[in-house]
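Colleague: Going by my numbering, the sequence shown opens with residue 271, and the numbers climb by one from there.
Honestly, the hints are just simulated from the structure, not real lab data. As the structure is a computational prediction, the values presented were derived from the model and not from experiment. We put the beta carbon where it would ideally sit given N, CA and C, even for glycine. Be a bit skeptical, because a hint or two may be false.
The following label-pair restraints were derived from C-beta to C-beta distances [unchecked claim]: (1) Asn624 to Gly490: 36 to 44 Å; (2) Ser568 to Gly490: 21 to 29 Å; (3) Ala600 to Ser531: 24 to 32 Å; (4) Gly658 to Asp721: 16 to 24 Å; (5) Lys735 to Pro611: 32 to 40 Å; (6) Asp502 to Asp601: 27 to 35 Å; (7) Glu558 to Gln670: 26 to 34 Å; (8) Gly490 to Gln621: 32 to 40 Å.
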Amino acid sequence: MSPRLPPRRCGSIRNAPASRWMCCASSWKSAETAPASNWCETCLRQSRARRRSCRRARRARTASSRRKAMSRTSIASWPQRRTRIDGRDGMNQQTMQNLTLFDLLARSWRRPSAIADLRFSTDGSAVAFTCVDGTIAIATVADHEPPETRIRVSNDLGQTTIRPREKPPVPLIATAGFGDGDVPITADAHSGFLVGAASGDVLHLAADGEAAAPLVRIDGPIVAIDHSARTDMTAISNGHDVFLSRGQGGAVQLKHAVTSSMDALAFSPGGRRLACGLDEGLSIWSVEGDPALIRDVSFPARPVSIRWSRDGTWLACGLETGGLALVSVADGRADIVAGFPSPVRTVCWSQPANALFASGAFRIAGWSMTAPPVGGETSGALETGRTGLVLVETVAAHPQKKLIAAGYANGRITVAQIGARDELLVRPLGSAVTALAWSGDGRHLAVGAVDGSAAIVTFPAQMFK
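With these hints in hand, go ahead and build the complete structure from the sequences.
Modeller: Structure below.
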């Protein structure tokens, strides 16, 4: 063992080249191999300072490159590139890597039967899920563990991470059955919901699950219901006749010369007109004063879904045998968009994009209304999302942004930029999606599925900038 030399002043070897200067305590070896135990305090401090400076420079370069890469990513790559999982719950690394965006952002529940439909309340405080066994389950929209409280941004790398939920969601409020099958439901004017029961009663259902005394009663089970908050008017149908009720008043029957099944109803945005689905067509009524038939429109099949455009100039109807009917309200002209491989169960309008979307195809089918799909016009078709081998079962347009959510037959849920192939994968697989709806502020996406699963996906505010 070499003897430990007494420390001397640093830099005592004056004749050595600058690159070979060494600590005087280790002058018997080169600076690169001198034992640290023999270095003087000055050399140790300088060496540590140089190492710290190099580490800071590397971190700064890495953070800068990550920020540049993140600024170029689209919503389709946000969870894969920007989100990792902060494993505080003891789960193994393999399980953590398998968590999806749905697992991180959604509150999920399970009902004993399939979800048939869902509605957000007008004030956005609750969402009601109707089931095929006639029951209704109500969830509170407010999240006790919102994503903002679970997101962390590292100071050194600028990386965004989100940890899983630590507590189970607040249980659903379940009601008794209102009928043998799924019951129609709509949002009431202020809060709560209106439910059409098999007994012929229209009931107000509060957000706490309490049902008030019947507001209206008609003969036969109610199969369709809609409510206009603008005019405080409710339309109900027992499958053969349509009735109107204003406020707390009684029901007035619409007199129609054609005897037909009527199981789809939709008020115009202003509440002055009502569209009623027929066996093979549609009837449009004026309901400002005494109800009056404006016109009947013929289709090749029964409409299963009816939606008005925001300005009330168009009606879109999904057809039972496949295809989409687009009606100009001004002149009653109807054009059929054919070629769908499956019934078009849902149609929706995007006001920010001025576009129409439909389910029933192997991709999200959409058209810009600057060139509506009438008279064989195809230039307005919007290539949105990616084509696959699984049918789109339901679609829902974001109320404030140019985004469209889609639910597939294999449980896949995506949010796509309208007119682009970019899409955010919310859930890759699961039970077939039966219902989708956005909250009024666009922060929450409610989901219903065939296996009875109900969920509310709450997105962070920075997700869709």
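Colleague: Tell me the numbers of any earlier hints that the structure contravenes, in ascending order.
Modeller: Going through the list in order, the structure violates no hint and respects every one.
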